[in-house]
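Protein chains in written order, with my numbering: chain Y, 29 to 531; chain C, 3 to 184.
Hints listed in this document are in silico derivations from the structure and should not be mistaken for laboratory results.
Do not rely on the hints blindly, as some may be mistaken.
Below, a list of computed lysine to aspartate or glutamate pairs in the DMTMM-like style, where the Cα atoms sit at most 20 Å apart [said to hold, decoys possible]: (1) Y:K136 with Y:E97; (2) C:K139 with C:D152; (3) Y:K136 with Y:E237; (4) C:K176 with Y:E191; (5) C:K176 with Y:D266; (6) Y:K195 with Y:E97.
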Amino acid sequence: MLLDYSSSLHYLLALLPEAVLAAFAMWVLLAGVSRRRSGGLGKETGWLALAGLLVAGVANGWLYSGVAEGGTAAMIAVDRLRLFANWVFILGAGFAIVVALPYVARQKLQAGEYYSLVLFATVGMMVMAASRDLMLIFLGLELMSIAVYALAGYNRRDRRSAEAGLKYFLLGAFASAFLLFGIALLYGAAGSTNLHAISEALSAGAAVESLLGPGLALLTIGLAFKVSAVPFHMWTPDVYEGAPTPATAFMAAAVKAGAFVVLLRIFATGLGTLHAEWSGILWWVSALTMVFGNLVALVQSSVKRMLAYSSIAHGGYLLVAIVAANETAAAGLLFYLLVYTVMTIAAFAVVVTVANQGEGGNRMEDYQGLGTRRPVLSICMTVVLLALAGFPGTAGFIAKYHLLLGAAEASLWTLAVILALTTVVSYWYYLRVAWYMWMRDPPAEGRPTDYVITPFGTRVALVVSVALLVLAGIFPGAALEMAENSIRGIMYLAAPQAGAAGP
Amino acid sequence: MTDALFVLFAVVSVGGAVGVVTGRSPVASLLFMVATLASLAGIYVLLEAHFLAAIQVLVYAGAIMVLFLFVIMLLNLGHDYRADLRFGSWSLLSVVVVGLTASVLVQGITGSEADAFGGHLADPAAAAAIDLAVAEKGAVGAIADPLFTDYVVAFEVIGLLLLVAIVAAVVLAKPRGRSEDA
Numbered sequence: 029m030l031l032d033y034s035s036s037l038h039y040l041l042a043l044l045p046e047a048v049l050a051a052f053a054m055w056v057l058l059a060g061v062s063r064r065r066s067g068g069l070g071k072e073t074g075w076l077a078l079a080g081l082l083v084a085g086v087a088n089g090w091l092y093s094g095v096a097e098g099g100t101a102a103m104i105a106v107d108r109l110r111l112f113a114n115w116v117f118i119l120g121a122g123f124a125i126v127v128a129l130p131y132v133a134r135q136k137l138q139a140g141e142y143y144s145l146v147l148f149a150t151v152g153m154m155v156m157a158a159s160r161d162l163m164l165i166f167l168g169l170e171l172m173s174i175a176v177y178a179l180a181g182y183n184r185r186d187r188r189s190a191e192a193g194l195k196y197f198l199l200g201a202f203a204s205a206f207l208l209f210g211i212a213l214l215y216g217a218a219g220s221t222n223l224h225a226i227s228e229a230l231s232a233g234a235a236v237e238s239l240l241g242p243g244l245a246l247l248t249i250g251l252a253f254k255v256s257a258v259p260f261h262m263w264t265p266d267v268y269e270g271a272p273t274p275a276t277a278f279m280a281a282a283v284k285a286g287a288f289v290v291l292l293r294i295f296a297t298g299l300g301t302l303h304a305e306w307s308g309i310l311w312w313v314s315a316l317t318m319v320f321g322n323l324v325a326l327v328q329s330s331v332k333r334m335l336a337y338s339s340i341a342h343g344g345y346l347l348v349a350i351v352a353a354n355e356t357a358a359a360g361l362l363f364y365l366l367v368y369t370v371m372t373i374a375a376f377a378v379v380v381t382v383a384n385q386g387e388g389g390n391r392m393e394d395y396q397g398l399g400t401r402r403p404v405l406s407i408c409m410t411v412v413l414l415a416l417a418g419f420p421g422t423a424g425f426i427a428k429y430h431l432l433l434g435a436a437e438a439s440l441w442t443l444a445v446i447l448a449l450t451t452v453v454s455y456w457y458y459l460r461v462a463w464y465m466w467m468r469d470p471p472a473e474g475r476p477t478d479y480v481i482t483p484f485g486t487r488v489a490l491v492v493s494v495a496l497l498v499l500a501g502i503f504p505g506a507a508l509e510m511a512e513n514s515i516r517g518i519m520y521l522a523a524p525q526a527g528a529a530g531p
Numbered sequence: 003m004t005d006a007l008f009v010l011f012a013v014v015s016v017g018g019a020v021g022v023v024t025g026r027s028p029v030a031s032l033l034f035m036v037a038t039l040a041s042l043a044g045i046y047v048l049l050e051a052h053f054l055a056a057i058q059v060l061v062y063a064g065a066i067m068v069l070f071l072f073v074i075m076l077l078n079l080g081h082d083y084r085a086d087l088r089f090g091s092w093s094l095l096s097v098v099v100v101g102l103t104a105s106v107l108v109q110g111i112t113g114s115e116a117d118a119f120g121g122h123l124a125d126p127a128a129a130a131a132i133d134l135a136v137a138e139k140g141a142v143g144a145i146a147d148p149l150f151t152d153y154v155v156a157f158e159v160i161g162l163l164l165l166v167a168i169v170a171a172v173v174l175a176k177p178r179g180r181s182e183d184a
């Protein structure tokens, strides 16, 4: 089937996963309201949200399997990049909801609104990934961000959650203004907000040069905030630590994935001809993010905060792929996003479990002796930590390896060396948690690990994600091939930029 | 003439925006915001977007600002907030950063190609196209037509965005006792 937007029905078909998910989000909202009258724990709204994600996944599969688009200029992209990204978002949202089920019930949060905000945020990400128009990208970004601001501040009985929500909202609105100003200047320069049209105006030399630089700079600032790259990361540790942990898992995994897909779309396709201009800035941002994120993670005493800094560091690794801007790196980025989503949410799932569906037990000491008391949970956490560190045999290693390949292809030797060295540094803080779990005796007094109960849903999610991480670490072929197919043909880069980037 | 008017509106809108932040009380901030929105409407007129300017005045400067004013007065928030503003060494840094950013932007915008549109604020060709569309479809039709054809997806996404904003606001602002029974 060919979608050429000759009739308005084509818009609906091209946006079928988004439309389905938005409809389910509203249904979940209504179900939450009617349930409150009849009482109950609110789990059924969570299951309804999961069903919505499943249906959206089927719709996405239909688009993936046989729908083609006419040309690459339309506002809505029906390309493999978008559909692969949609799988990542759906997977991330699904895991985040499974992890949230017991937490939301235990903390007595308003279930219907919680799950519907997660779904709406996912719709926002999907719109972002689907769009070839800067205006629609901005709208998708705002749809995602506003839902996530509310999720960060969702637990109103917790002061730190309120602080996280307010901080994220104020700084996020500020960053959105930068992004919008950048988009306006690019529109002034190229005469269109369509990425395809911008790309053509740039290669034809028809763009107003003096507006490009400021526009590009403001756009980069706005997006760097969303991926929490240094020096725009200030909000990340506080927001990630203060937000309810399942919401943090969703933010660290899916929201970051959405922002990176948009970065790839904007910089590699629309602004690909300006690679020499933006790669220098992003080179520094990437290097600083890797070094800073990893070094500060070393000294954290809270596991939740350590994972926040680790997510900053992973953002730095992913930026290497954007700077490299070749197909190997871009395919590596997509594969990395898939793996990163799974392992981040799995790590936060363990954090939620050890803290007993609350916010109390996030210190390193709370993991003391967990290995003898809860061996299966500890084995899962250890595998996930090894994958986050990029240990050979896990999917994290394959993902990092492909980022390095992409960097080597673009001759970004310094960045590749920084990536490898900071990865070695990261082993220390990831394995420190494992050391606490396996090598230290359970505390005689204080908070005993005996009370840690793993809910059934979390158990299934953990086992599935560990299986995925190990399986993709040993047989990465299928997923990698899918990522490579997704990237083919979307890059508008003129020539391989050997050694063009960086000082 | 248009240049002089543009400078006037631009100064008022930026000055009003600064006033919103540094205003003595919420009511003062709000009145500064009305000034900003009204001068933005003036800039829309200079850009030949007359319908947009009218809507801007009616909806923003009129209805929404009045609503804001009612809420502020009903909640009795009219006291002095300046004590909450701290002017430390960071504010000096922010002035420097704002100045540097502004100078880069000014250089970029008024650079060698400042005359990209022949020194005019609006592109004459685009203005002519707008005039043609207005003549063909009327002032409302010229906006409504692309809004519901080319940009229908953006329109729908804005609908979702507003719904999410309402849900988020209600969830976060509901009285605390009510959330316990959920």
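These are the hints, each one checked on the structure:
Taking the CA atoms of K136 of chain Y and E97 of chain Y, the gap is near 46 Å; set against the 20 Å cutoff, the hint is violated. A distance of roughly 16 Å separates the Cα atoms of K139 of chain C and D152 of chain C; the hinted pair therefore holds under the 20 Å criterion. For the hint pairing K136 of chain Y with E237 of chain Y, the CA-to-CA distance comes to about 55 Å; that exceeds 20 Å, so the pair is violated. Distance check on the hinted pair: K176 of chain C and E191 of chain Y sit about 17 Å apart at the alpha-carbon level, within 20 Å; holds.
For the hint pairing K176 of chain C with D266 of chain Y, the CA-to-CA distance comes to about 24 Å; that exceeds 20 Å, so the pair is violated. Straight-line distance between C-alpha atoms of K195 of chain Y and E97 of chain Y comes to about 41 Å, which puts the hinted pair past the 20 Å bound.
In summary, the numbered hints that this structure violates are 1, 3, 5, 6.
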